[in-house]
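Participant: Chain by chain, the residues:
Protein chains: 8
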Amino acid sequence: MPVQDGPFSALHPIAAAAPFCGADPVSDEGIVLDWNRETRVGVAEAVLCAGKTTEQIARIVVLAVTRNRSLLLTKLDAGRFAELEPTVRERLNFDPLSRTAVLDNGLPISVPAGVGIVCAGTSDLAVGVEAQRALAFHGVQAPLIADVGVAGLWRFLDHLEQIAAWRIVIVVAGMEGALFSVAAGQVRGLVIAVPTSVGYGVATGGATALHSALASCAPGVVTVNIDNGFGAACAAIKLLRMFAPSQ
Amino acid sequence: MPVQDGPFSALHPIAAAAPFCGADPVSDEGIVLDWNRETRVGVAEAVLCAGKTTEQIARIVVLAVTRNRSLLLTKLDAGRFAELEPTVRERLNFDPLSRTAVLDNGLPISVPAGVGIVCAGTSDLAVGVEAQRALAFHGVQAPLIADVGVAGLWRFLDHLEQIAAWRIVIVVAGMEGALFSVAAGQVRGLVIAVPTSVGYGVATGGATALHSALASCAPGVVTVNIDNGFGAACAAIKLLRMFAPSQ
Amino acid sequence: MPVQDGPFSALHPIAAAAPFCGADPVSDEGIVLDWNRETRVGVAEAVLCAGKTTEQIARIVVLAVTRNRSLLLTKLDAGRFAELEPTVRERLNFDPLSRTAVLDNGLPISVPAGVGIVCAGTSDLAVGVEAQRALAFHGVQAPLIADVGVAGLWRFLDHLEQIAAWRIVIVVAGMEGALFSVAAGQVRGLVIAVPTSVGYGVATGGATALHSALASCAPGVVTVNIDNGFGAACAAIKLLRMFAPSQ
Amino acid sequence: MPVQDGPFSALHPIAAAAPFCGADPVSDEGIVLDWNRETRVGVAEAVLCAGKTTEQIARIVVLAVTRNRSLLLTKLDAGRFAELEPTVRERLNFDPLSRTAVLDNGLPISVPAGVGIVCAGTSDLAVGVEAQRALAFHGVQAPLIADVGVAGLWRFLDHLEQIAAWRIVIVVAGMEGALFSVAAGQVRGLVIAVPTSVGYGVATGGATALHSALASCAPGVVTVNIDNGFGAACAAIKLLRMFAPSQ
Amino acid sequence: MPVQDGPFSALHPIAAAAPFCGADPVSDEGIVLDWNRETRVGVAEAVLCAGKTTEQIARIVVLAVTRNRSLLLTKLDAGRFAELEPTVRERLNFDPLSRTAVLDNGLPISVPAGVGIVCAGTSDLAVGVEAQRALAFHGVQAPLIADVGVAGLWRFLDHLEQIAAWRIVIVVAGMEGALFSVAAGQVRGLVIAVPTSVGYGVATGGATALHSALASCAPGVVTVNIDNGFGAACAAIKLLRMFAPSQ
Amino acid sequence: MPVQDGPFSALHPIAAAAPFCGADPVSDEGIVLDWNRETRVGVAEAVLCAGKTTEQIARIVVLAVTRNRSLLLTKLDAGRFAELEPTVRERLNFDPLSRTAVLDNGLPISVPAGVGIVCAGTSDLAVGVEAQRALAFHGVQAPLIADVGVAGLWRFLDHLEQIAAWRIVIVVAGMEGALFSVAAGQVRGLVIAVPTSVGYGVATGGATALHSALASCAPGVVTVNIDNGFGAACAAIKLLRMFAPSQ
Amino acid sequence: MPVQDGPFSALHPIAAAAPFCGADPVSDEGIVLDWNRETRVGVAEAVLCAGKTTEQIARIVVLAVTRNRSLLLTKLDAGRFAELEPTVRERLNFDPLSRTAVLDNGLPISVPAGVGIVCAGTSDLAVGVEAQRALAFHGVQAPLIADVGVAGLWRFLDHLEQIAAWRIVIVVAGMEGALFSVAAGQVRGLVIAVPTSVGYGVATGGATALHSALASCAPGVVTVNIDNGFGAACAAIKLLRMFAPSQ
Amino acid sequence: MPVQDGPFSALHPIAAAAPFCGADPVSDEGIVLDWNRETRVGVAEAVLCAGKTTEQIARIVVLAVTRNRSLLLTKLDAGRFAELEPTVRERLNFDPLSRTAVLDNGLPISVPAGVGIVCAGTSDLAVGVEAQRALAFHGVQAPLIADVGVAGLWRFLDHLEQIAAWRIVIVVAGMEGALFSVAAGQVRGLVIAVPTSVGYGVATGGATALHSALASCAPGVVTVNIDNGFGAACAAIKLLRMFAPSQ
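Residue numbers (my numbering), protein chains in the order written: chain X, 1 to 247; chain P, 1 to 247; chain L, 1 to 247; chain Z, 1 to 247; chain U, 1 to 247; chain C, 1 to 247; chain F, 1 to 247; chain G, 1 to 247.
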């Protein structure tokens with residue numbers, strides 16, 4: 001990996017002096033995929049692309065193709081996706097809004113399972129679709145209801161009957177995150193809050209929405225990290241597999 | 001004010017060497033009351049007791065009595081109140097829940113004025129009553145509806161018709177402060193948010209409720225400092241006096 | 001509620017001028033209990049005692065007794081409990097470690113339901129027992145395994161077989177909260193993290209443990225507010241009732 | 001919305017498996033506009049463009065055109081505006097300084113209403129004009145006085161007579177926000193503070209100005225989120241409509 | 001210093017095994033006073049009592065008495081002062097408001113030097129007097145003008161002529177600290193800001209006032225730590241001694 | 001200023017409906033320069049370019065040229081400078097490292113005045129030169145000693161004799177800012193700390209260096225905002241003019 | 001552990017319904033001591049008393065006595081120590097300054113090992129002695145040099161020869177923590193920084209000192225948590241045992 | 001360094017009026033290299049490129065070449081590297097992943113020394129390689145094991161035997177940093193934690209990982225600044241040279 005640049009490299013192979021000590025022959029790039037994660041904890045290995053170089057992402061896809069494994073990639077910007085070589089890109093089902101890609105050598109047909117997603121605003125849709133696609137990747141079909149924030153509460157109440165029928169309600173909201181408490185005060189299903197970084201001023205970065213979820217006056221709200229639609233989907237999948245194994 | 005303690009004080013009157021330079025003869029204790037504030041900005045001088053010594057508070061009450069002026073004291077703990085001398089205490093109408101006291105040599109009869117107060121939880125009542133008493137001190141009678149947080153939204157909706165008739169709605173809430181957005185999404189009156197320090201964990205100190213008010217997705221919410229029921233009342237009084245001078 | 005103190009009170013009943021506008025005859029103290037919460041959202045009304053006055057807590061207990069309802073009180077310090085009148089105290093099953101009390105006119109027999117609690121350290125036990133008692137209040141018997149933090153990982157691994165059989169694993173940890181990720185990387189059940197305020201320096205207040213739960217590298221961890229054992233129990237109860245209604 | 005990219009898309013229409021569940025036929029993009037907001041809460045629906053994709057913004061404009069509705073767009077960067085198609089752009093009255101655009105099929109003639117705007121510095125002008133244009137959008141003509149910060153207090157005092165005549169004074173200031181307190185200590189009108197993100201070092205992001213507004217020693221200051229000129233305008237409009245319905 | 005408690009102490013003098021390695025015979029308690037500080041940097045050694053045990057404070061006073069040196073003690077609470085032995089107490093000129101004490105074996109007569117102190121509120125007086133007494137300890141007589149915050153700007157302007165004549169203006173303010181900018185925009189003397197921890201909500205602890213001083217739009221404001229009246233006095237003394245050595 | 005874009009602008013001159021209310025004929029762009037600042041507070045008007053548009057900066061320069069005034073511009077990035085028209089650029093003495101420019105129609109000859117600047121690292125030089133040029137703009141010649149941080153303390157000690165002779169020592173440091181305390185513990189001159197945003201991790205943004213200056217164990221350190229070399233220079237100038245008017 | 005209080009306890013043994021699931025017969029109180037920690041990681045099990053109840057601490061001591069093991073207790077306040085029963089207290093060598101206690105059934109004789117401790121101020125001594133006693137508990141005799149902060153740099157330089165001879169230098173400092181960088185810039189030994197919570201204003205809690213250690217311009221400084229003298233000692237012990245096993 | 005731009009520069013050489021006062025003839029650019037650092041503190045001078053201009057970096061390399069010294073450059077982005085002139089670039093062994101470059105006129109052959117590096121994730125590799133190359137620069141060959149985070153604990157345990165043999169274990173982790181505690185609870189070697197800025201939401205910037213290291217429940221973990229692989233390497237080198245001088 002270290003680039004040998006200039007006449008000194010032959011004389012002083014500094015990086016080469018301390019070679020990587022990878023776990024298996026294909027991981028000499030510092031990559032060790034956890035292929036049996038799904039068996040052990042109930043959700044499949046996935047790759048967080050933010051923070052990785054384009055080369056590392058490409059290498060991971062190749063490793064999965066080599067093993068004939070499916071793979072979900074998250075936080076993959078359109079710009080970064082465009083940097084991948086065409087032979088890699090064409091193997092990925094990419095969605096630029098949610099910044100997710102799926103490498104798929106045989107996904108299950110996704111079926112309804114009593115899980116749904118509610119987004120407070122249009123801007124929260126990107127994270128909501130990340131959750132939706134992560135659920136689909138694991139075979140769970142989840143409807144998504146968008147733009148029903150509490151500034152116009154009627155939008156949420158119009159869908160209340162449908163939402164109240166779900167066993168798990170993934171609520172995606174930024175800004176002040178009031179929808180978490182409103183929803184959790186109205187339904188019997190578990191509310192998994194996904195705070196988003198949508199907003200400005202004190203809402204910048206998403207901490208306000210996160211803290212609203214954590215401090216909710218409605219009992220039983222649980223939350224995941226800011227913008228972590230993938231994490232909410234994983235929690236739902238684990239529950240479905242523990243409580244309703246046939247799904 | 002400096003206590004002269006021990007044999008050195010006669011020789012070295014350190015503090016006395018630099019006497020306070022007060023604005024008028026009665027302010028040699030470092031106190032300059034702004035008696036014409038009500039004329040200038042529309043709300044009367046009031047005294048924030050937190051941070052002042054018992055002696056300073058007592059001195060201020062005496063100054064007001066001397067001038068035959070009314071006075072509102074806020075953030076006056078019951079313990080601090082008990083430290084005041086009986087001759088001072090008996091002149092004050094004290095409410096331990098809201099930690100307010102009124103020195104009153106002729107308050108106006110308070111009348112309804114289209115301002116009301118809504119408290120999310122029982123714990124927010126202390127701050128709500130602070131606002132209520134500050135309004136009454138200025139002649140404004142404001143109803144208070146308590147314990148109608150969004151965990152049980154029906155409690156708020158049960159009162160919606162009454163609340164929607166108010167021109168100014170003071171909403172008092174701690175924890176995640178979702179009531180600010182819910183109320184502002186339902187009524188035409190101005191919502192003045194009073195975030196409170198009620199809550200624990202990430203809600204400790206009130207920043208979560210404050211940020212929820214500021215980042216509200218419902219347009220037109222304004223806010224005051226945490227636990228500042230007095231400030232919300234002042235804003236309402238200023239508006240009433242500008243828009244409806246007869247009140 | 002406002003104390004009428006001194007000769008001015010008869011002339012200027014300030015607080016009385018704007019009476020509380022309660023929802024029903026028994027709520028003239030600013031208390032509106034949400035008795036049908038259990039039907040609506042799956043968990044029963046409970047009372048957060050932190051931030052409430054002793055009088056308010058006592059009044060709430062009386063309201064519940066009058067209606068012949070059970071009630072869970074949380075964050076009730078031993079000192080505050082001791083201030084309650086004996087006639088109130090004797091109706092409460094109080095546990096000083098978890099600061100919980102139960103008013104019980106006929107609790108269900110609690111039964112095992114595939115939910116368990118793991119505490120990282122002895123100091124986390126208070127919050128863990130809060131969760132345990134909140135589950136028992138709703139009829140769910142949950143075993144609790146204590147003092148198995150990752151400083152001595154063998155302690156956790158010794159119990160792994162038992163923990164891995166649970167459908168929901170409530171993990172209670174303060175300090176750096178590493179146990180959240182370790183547990184979630186090993187079991188198929190949903191990990192509900194309860195960060196605690198145990199620790200000092202950068203761990204003071206619990207934000208470090210909270211952030212560890214949110215940023216966990218193990219997929220599917222969900223979290224509740226710092227020290228909120230009650231909230232984790234509520235989430236578990238909602239899930240059990242949605243997925244396994246007979247429980 | 002999900003882009004179908006590459007040969008896998010036909011076989012595995014992941015996103016399509018869980019279609020959006022929008023509120024009306026034109027909202028299949030995750031957009032539900034709150035057309036009756038003005039009737040319900042007194043201010044019209046507006047669109048916060050920050051956080052939305054160019055496609056979403058364009059779609060919203062088309063929805064409004066279809067319904068023959070006016071619309072205000074905020075936080076619309078010049079770069080983003082330039083990405084819109086010419087057919088959309090030409091329908092918008094765009095101001096790059098305030099990053100606002102107005103889609104206008106028949107705006108009211110704006111009239112003076114006792115509301116004015118004061119900006120501390122030239123850099124605060126962008127947010128001040130956002131407020132001014134949001135007021136004009138609702139038919140309120142508001143004068144704006146710029147660059148009168150307290151470093152040269154004479155600049156503010158020169159305008160004091162004019163400012164003191166306003167019923168509502170929107171004060172826009174960044175850095176340390178001292179102008180909020182100075183103004184509120186001098187005028188009878190309600191001061192609505194709009195802290196801005198102008199400044200560097202500890203003033204970066206605007207929290208210093210925001211906290212100055214909240215902690216003001218002058219009674220009755222209310223505040224909105226950092227850079228939220230639109231929100232201050234909304235509060236003013238709600239008040240004008242409640243107190244002076246003919247406006 | 002380690003207390004030997006119980007039968008193990010004789011056998012295992014743990015602390016004694018690693019004796020303190022003090023700089024001189026009288027510092028075996030871990031105390032090394034910097035007696036030549038005044039010569040080196042222009043201000044005398046002083047003792048910050050917060051964080052020290054009563055025994056350590058007493059020992060320091062004894063060391064100074066032994067050497068026949070004067071000494072200033074700061075942040076000495078009245079309760080802590082009361083714990084000192086009478087023989088120590090009687091040597092100290094103690095002021096409970098500013099929590100300062102002076103051990104004085106021959107202080108200079110303090111003379112006017114063009115330095116003055118302005119306090120925004122009565123609650124800021126404690127810190128202002130700390131500065132005043134620290135100046136007096138070094139022979140500088142500084143007038144103090146109190147309770148002239150910007151909520152009633154006339155109070156400050158009434159004293160403007162006097163203040164404008166000072167070469168150094170120590171401004172003490174809590175809450176939003178607007179007085180720093182107002183003063184610095186009006187006078188030619190250097191404004192040294194002393195933010196205080198006076199206030200609540202976002203002003204708790206004093207960070208809001210501190211940030212206002214740092215972000216001041218008026219050029220040339222310098223600041224010291226929150227509540228550090230002593231530090232502002234030291235800066236003034238250093239300047240006086242550099243620029244006007246005869247003082 | 002609002003751009004009239006598209007066919008709606010003629011019909012709906014929204015911004016024009018509420019014209020700016022500037023202080024003098026040349027300030028219709030929202031600019032009011034404080035030309036008599038130097039007389040009033042001892043330092044000249046200067047322009048903080050960060051946060052202003054290129055048009056606003058150009059307009060300010062033109063205003064100064066019209067009045068035949070000198071002007072200092074700070075935080076003017078090289079990129080922004082390049083956007084100015086050549087006729088403006090050629091009137092400015094621009095320094096890209098310190099991001100300062102001087103419009104000069106007759107600057108005084110700067111002379112030594114007992115003020116000097118010390119920079120901890122090479123990266124702090126930009127802020128140090130900002131201070132140096134702001135001093136020169138006011139006629140004060142200040143030597144600058146660079147790259148003498150405490151990692152190699154000998155570098156500072158090598159210059160100690162020179163530094164100790166200065167009456168005012170401007171110390172510029174980022175990262176942990178240890179040089180503030182080291183210098184203040186060694187010299188009699190006033191140390192004005194200028195914390196910089198140099199550093200990464202916990203030092204990002206400069207808060208660590210700022211807090212080190214404020215919490216310095218060496219008495220009498222004063223500080224200005226992060227990266228505010230200009231502010232430190234202003235403080236020095238004010239002192240020189242008060243104490244040594246001939247300078 | 002749960003207190004059975006009142007007549008309901010017999011009928012509803014809530015806590016008893018879900019018994020603790022301890023790891024061994026003596027841990028039914030939620031305590032599992034890691035007796036083989038010293039073998040595994042090189043330092044012995046120790047007990048952080050902060051956050052534990054008095055009963056839990058007493059129980060732990062009894063467990064150690066039963067097993068004939070030595071034990072170190074940290075953060076044990078004098079007040080808490082006094083609450084222990086005399087039979088427990090008399091087995092502990094307690095030091096109130098450092099809040100440490102040692103249960104000792106045969107400690108090794110501690111010997112010099114090239115480790116020393118430097119404290120910046122007298123107030124830091126408590127944490128320094130915690131480190132010293134933790135080292136002694138493991139058989140390492142470490143000299144401690146106190147009150148040598150950089151405000152008077154000569155105090156540190158006077159000891160430089162001694163300090164430079166140590167292989168590991170534990171530096172304990174609060175406030176701005178400048179001593180970390182000064183020491184690390186002068187010695188070859190590893191500097192382990194122990195930031196303390198000594199200080200006020202921005203130094204409150206110790207974050208300023210911590211960040212100074214982390215952002216030090218001197219290469220190779222490592223740090224532990226605020227006030228964690230114990231942790232620094234453990235690091236030193238691990239190093240000594242790895243590099244010089246005979247010690 | 002100041003650019004003389006425009007006709008005013010000849011008349012008003014502002015910057016030239018106050019020339020830099022460098023320590024030696026080659027440092028007239030504000031650069032003073034600490035060439036004897038390695039002798040004094042055990043690690044060589046290195047250059048943090050972040051925050052320096054391209055010209056400053058180039059000048060430093062030239063200074064080193066002139067003195068025939070080796071040099072390590074850190075945080076040198078590939079983009080910045082590309083801006084250097086070819087004659088400078090060709091002298092540097094540059095690695096874009098770790099952003100390090102080595103100017104080498106005779107590096108030692110690096111040899112194994114009982115130090116190793118463990119990276120939690122692939123994204124942490126950049127910082128891990130920075131440590132590895134800094135060690136190599138000082139002659140220490142350190143193996144690196146990558147992508148063994150606790151989400152799949154088996155990956156770490158597979159390497160436990162190898163890791164447990166190291167005397168110093170540099171652990172590099174972002175997100176929640178659980179690997180620090182897991183490793184420190186399993187090995188006798190000193191764990192030096194290097195938290196990284198890898199992650200999003202609450203993990204943004206690396207504070208969560210940093211706090212996990214500091215609050216670790218495993219005794220003896222020490223930490224360096226976020227992303228400071230170089231610092232961890234320096235600590236290791238200092239230890240090796242103190243304890244095993246022949247290395």
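Incorrect hints may have been included.
Unchecked claim - List time: in silico DSSO-like cross-link candidates among lysine-lysine, alpha-carbon distance up to 30 Å:
#, chain 1, residue 1, chain 2, residue 2
1, F, Lys75, L, Lys75
2, G, Lys75, C, Lys75
3, U, Lys75, P, Lys75
4, Z, Lys75, C, Lys75
5, P, Lys75, L, Lys75
6, X, Lys75, Z, Lys75
7, X, Lys75, G, Lys75
8, F, Lys75, U, Lys75
Hints in this document: simulated from the structure, not taken from any laboratory. Since the model is a prediction, treat every value here as computed from it, not as a measurement.
Participant: Now tell me if each hint is right for this structure.
Facilitator: Evaluated hints:
1. F:Lys75 x L:Lys75: Satisfied, since the Cα-Cα distance of roughly 25 Å is no more than 30 Å.
2. G:Lys75 x C:Lys75: Satisfied, since the Cα-Cα distance of roughly 25 Å is no more than 30 Å.
3. U:Lys75 x P:Lys75: The given pair, whose Cα atoms are some 25 Å apart, holds under the 30 Å limit.
4. Z:Lys75 x C:Lys75: Roughly 25 Å separates the two Cα atoms, so the pair holds.
5. P:Lys75 x L:Lys75: Holds - the C-alpha atoms of L:Lys75 and P:Lys75 are around 25 Å apart, at most 30 Å.
6. X:Lys75 x Z:Lys75: Answer holds: X:Lys75 to Z:Lys75 is near 25 Å, not above 30 Å.
7. X:Lys75 x G:Lys75: holds (25 Å)
8. F:Lys75 x U:Lys75: holds (25 Å)
In summary, this structure violates none of the numbered hints.
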